[in-house]
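Trainee: Take a look at the letters that make up each chain.
There are 2 protein chains.
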Amino acid sequence: MTRPLAVIHCGQLVTVAGGQLSIIADGTLLVRDGVIEAVGRDVAIGPEYEIFDAAGRVVMPGFVDAHTHPVFGGNRVDEFEMRARGAAYEEIAAAGGGIRSTVRKTRAASEDELVAAAQRRAQWFLRTGTTTIEAKSGYGLTLEDECKMLRAIKRLNEAGPLQYVPTFLGAHEIPDDFRASPDSYVDLIVNEMLPAVKGLAEFCDVFCEPKIFNVERAERILRAAREQGLGLRVHAEQLSRSGAAEMAARAGAKTADHLEQIDDAGIDALAAGHVQPVLLPASVYTLGSKRFAPARKMIEAGLPVVLATDFNPGSSPTPSMPFVLSLAATQMHMTPAEAILAATIHAAQSLNRAGRIGSLETGKQADFVVHDCEDYRELAYWTGIEPVFATFVRGERVYQR
Amino acid sequence: MTRPLAVIHCGQLVTVAGGQLSIIADGTLLVRDGVIEAVGRDVAIGPEYEIFDAAGRVVMPGFVDAHTHPVFGGNRVDEFEMRARGAAYEEIAAAGGGIRSTVRKTRAASEDELVAAAQRRAQWFLRTGTTTIEAKSGYGLTLEDECKMLRAIKRLNEAGPLQYVPTFLGAHEIPDDFRASPDSYVDLIVNEMLPAVKGLAEFCDVFCEPKIFNVERAERILRAAREQGLGLRVHAEQLSRSGAAEMAARAGAKTADHLEQIDDAGIDALAAGHVQPVLLPASVYTLGSKRFAPARKMIEAGLPVVLATDFNPGSSPTPSMPFVLSLAATQMHMTPAEAILAATIHAAQSLNRAGRIGSLETGKQADFVVHDCEDYRELAYWTGIEPVFATFVRGERVYQR
Chain S
0 MTRPLAVIHC
10 GQLVTVAGGQ
20 LSIIADGTLL
30 VRDGVIEAVG
40 RDVAIGPEYE
50 IFDAAGRVVM
60 PGFVDAHTHP
70 VFGGNRVDEF
80 EMRARGAAYE
90 EIAAAGGGIR
100 STVRKTRAAS
110 EDELVAAAQR
120 RAQWFLRTGT
130 TTIEAKSGYG
140 LTLEDECKML
150 RAIKRLNEAG
160 PLQYVPTFLG
170 AHEIPDDFRA
180 SPDSYVDLIV
190 NEMLPAVKGL
200 AEFCDVFCEP
210 KIFNVERAER
220 ILRAAREQGL
230 GLRVHAEQLS
240 RSGAAEMAAR
250 AGAKTADHLE
260 QIDDAGIDAL
270 AAGHVQPVLL
280 PASVYTLGSK
290 RFAPARKMIE
300 AGLPVVLATD
310 FNPGSSPTPS
320 MPFVLSLAAT
330 QMHMTPAEAI
340 LAATIHAAQS
350 LNRAGRIGSL
360 ETGKQADFVV
370 HDCEDYRELA
380 YWTGIEPVFA
390 TFVRGERVYQ
400 R
Chain P
0 MTRPLAVIHC
10 GQLVTVAGGQ
20 LSIIADGTLL
30 VRDGVIEAVG
40 RDVAIGPEYE
50 IFDAAGRVVM
60 PGFVDAHTHP
70 VFGGNRVDEF
80 EMRARGAAYE
90 EIAAAGGGIR
100 STVRKTRAAS
110 EDELVAAAQR
120 RAQWFLRTGT
130 TTIEAKSGYG
140 LTLEDECKML
150 RAIKRLNEAG
160 PLQYVPTFLG
170 AHEIPDDFRA
180 SPDSYVDLIV
190 NEMLPAVKGL
200 AEFCDVFCEP
210 KIFNVERAER
220 ILRAAREQGL
230 GLRVHAEQLS
240 RSGAAEMAAR
250 AGAKTADHLE
260 QIDDAGIDAL
270 AAGHVQPVLL
280 PASVYTLGSK
290 RFAPARKMIE
300 AGLPVVLATD
310 FNPGSSPTPS
320 MPFVLSLAAT
330 QMHMTPAEAI
340 LAATIHAAQS
350 LNRAGRIGSL
360 ETGKQADFVV
370 HDCEDYRELA
380 YWTGIEPVFA
390 TFVRGERVYQ
400 R
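Those sequence lines, one after another, are chains S and P. Residues in the first sequence are numbered from 0 upward in steps of one, following numbering that gives the first Met the number 0. Residues in the second sequence are numbered from 0 upward in steps of one, following numbering that gives the first Met the number 0.
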């Protein structure tokens, strides 16, 4: 039996209790059997407890990264270099770049290879303070390869310590052999893939854009997914204002993600439909765009904004939530406090896990991080370094610098 | 006596020899007495060598960061949060923010306190692959406090392992008690500070802006510094196009730094005057500006562009050269190869150290980094993580993950 754990001298114990930042100065966190037993300032510690002295450091919930594409073959550093040189989208596409290049490499990889590559990258998440990630398929685009990706995610989650929430994203791109008849690919998704991924996926996501899965196709897929019992997420309003936000609300989606092109009417639709916005500033950064999603308007509309990395080999090769906090503070006028709520409890809500993770409260899973700083705002401030001193999942130390 | 060292199985040994990227596949690096003894593919290794197996990783020169402000009291996270909230410059100034807030805290700190705080931050540089930094004074703004800062830098350099090149920046801001008579402060710099910093500083820098040290004041200070035998650097064309580039060329400056507002005529002046541009994209990023310096035009004009962090507690709280490489590739259309030259050999040139550091060539100091990736371009690609596996200064391993 593992000894219970007392984390003492937390200079700032940032609990995020009740959906607020809630800082306990010089706090103590007690953990028993992987669950938070007590959180507070004056907490009695029995002799059976193992002690972890945070020595004045900041202790926070592990980040919950609610939008990632962590399973893929190869990387896209060639395309990254071409874009740096100023190559146009057409040139990159002609050279075989874009999502389809990762599709080719992912199809060519075995399930074991995909798991091994993702396991190495899982360390990056733990090193930067993330303990749970939403993980999408979407680089297979055949029944077999989409299932291969979702089985890989299942194995990664079972192996731990990083925790995965699986999302089926068969509707990520129209595969080459369906270019002439995209609706036949929608048929394939609805009739064959969705029934097959039952038990492998918790959510279904669609990349809703006029030239790919337009609003009608996206809505058809999402309604079919809902009938299968899947939660719904949508890549929405990224490249154009398409009406995906309103569609997400109609379909009962849990989240609408990206939203760089959304307007006030779209924000109103999200609010009315209780759809959470998931903002992905690292992809805006990586693509060299200047147009970040209007985070402040969404916060002012009362929306529980989520921040995520969008980790993927093309448009967002960063696994770092601290970097996303920095982007939120410097490019989107979110305060560090707002950004941390967006990266913890709001993200957990969007994954139907707010009762279990995303804050440090008695009875919740003991997923927490000791950051090597004295003030939680430093996480968004010092940029380009890994601020984590130690990461814990279910009360077990899974990473220490 | 230390044993000689053989670093074997360098998947890419990026030598930067001759000012080109020059990659040796599966290379070997031999080090003896802190100096590079051999670099190549088929290198004989005697039995006396200690072996470091890079296991296919990228091995490169340590980054040379040619523009930093690493010695300061306190931090400016309060101001960072205010700016995130959308506070205007005036509001921040009224709350005591800006450079002057760091001046107050730096004056209040003892030399020992400044050294201790900077020593902790020195780890961040080593962790992200930097082995030499240029280090400016400029938060003292009195004879006594400027000398205190430069003595702190001297002690930091002597303590190592991070190496410092000291720059006197008394002309960083007009101190409060000289607001009414800026020229009297210039008198103080020229008549008292410059003679006093002899032996403590290698370079003199001036923040040249119309409202602070205008072109005339800046030129007066730089000419006096030159007479003292100091090399010259200039904060130029950051907030306005002031003619600082032309002045830097006239005064014989080694570098002109920032340059976000420069135009073609200014670039021509730098080229004609053999002034190296030092570009600081992390401060553009931190301030939420969209206007990066025109790097491509400078490269096309044949200028040996330098990239640096501008590490400081206000406008650039990042010590990470990998993050600067990412900014260069995603925001400035520099290729990873161009960015690496700018962060190594070009930077060493700008500090009069190209004969000693900045590349891996026989006879040079053995400052090198083993990066945990297979392709040097990944340093600019994967963002927000620390890519370093191990850092060596003068052949000694000073950091390992």
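Heads up, some of the hints might be wrong.
Where chains are identical, the list cannot tell them apart; a pair therefore holds if satisfied intra-copy or between any two copies.
Here are the simulated lysine to any residue pairs, SDA-like style, with alpha carbons at most 25 Å apart [claimed, not checked]:
| hint | residue 1 | residue 2 |
| --- | --- | --- |
| 1 | Lys-153 | Ile-50 |
| 2 | Lys-253 | Arg-120 |
| 3 | Lys-289 | Leu-193 |
| 4 | Lys-253 | His-273 |
| 5 | Lys-104 | Asp-374 |
| 6 | Lys-296 | Gly-85 |
| 7 | Lys-104 | Glu-377 |
To be clear, the hints were calculated from the coordinates, so they are not data collected in a lab.
Trainee: For each hint, tell me whether it holds in the structure or not.
Mentor: Consistency of the hints with the structure:
1. Lys-153 <-> Ile-50: neither (33 Å within a copy, 40 Å between copies)
2. Lys-253 <-> Arg-120: Neither, since 27 Å and 42 Å both go past 25 Å.
3. Lys-289 <-> Leu-193: Answer is neither: 36 Å inside a copy and 43 Å across each miss the 25 Å cutoff.
4. Lys-253 <-> His-273: Within one copy only: 8 Å inside a chain, 58 Å across chains, cut-off 25 Å.
5. Lys-104 <-> Asp-374: between (43 Å within a copy, 18 Å between copies)
6. Lys-296 <-> Gly-85: The answer is between: 13 Å across copies meets 25 Å, while 33 Å in one copy does not.
7. Lys-104 <-> Glu-377: between (39 Å within a copy, 18 Å between copies)
Checked against the numbered hints above, the structure breaks hints 1, 2, 3 and satisfies the rest.
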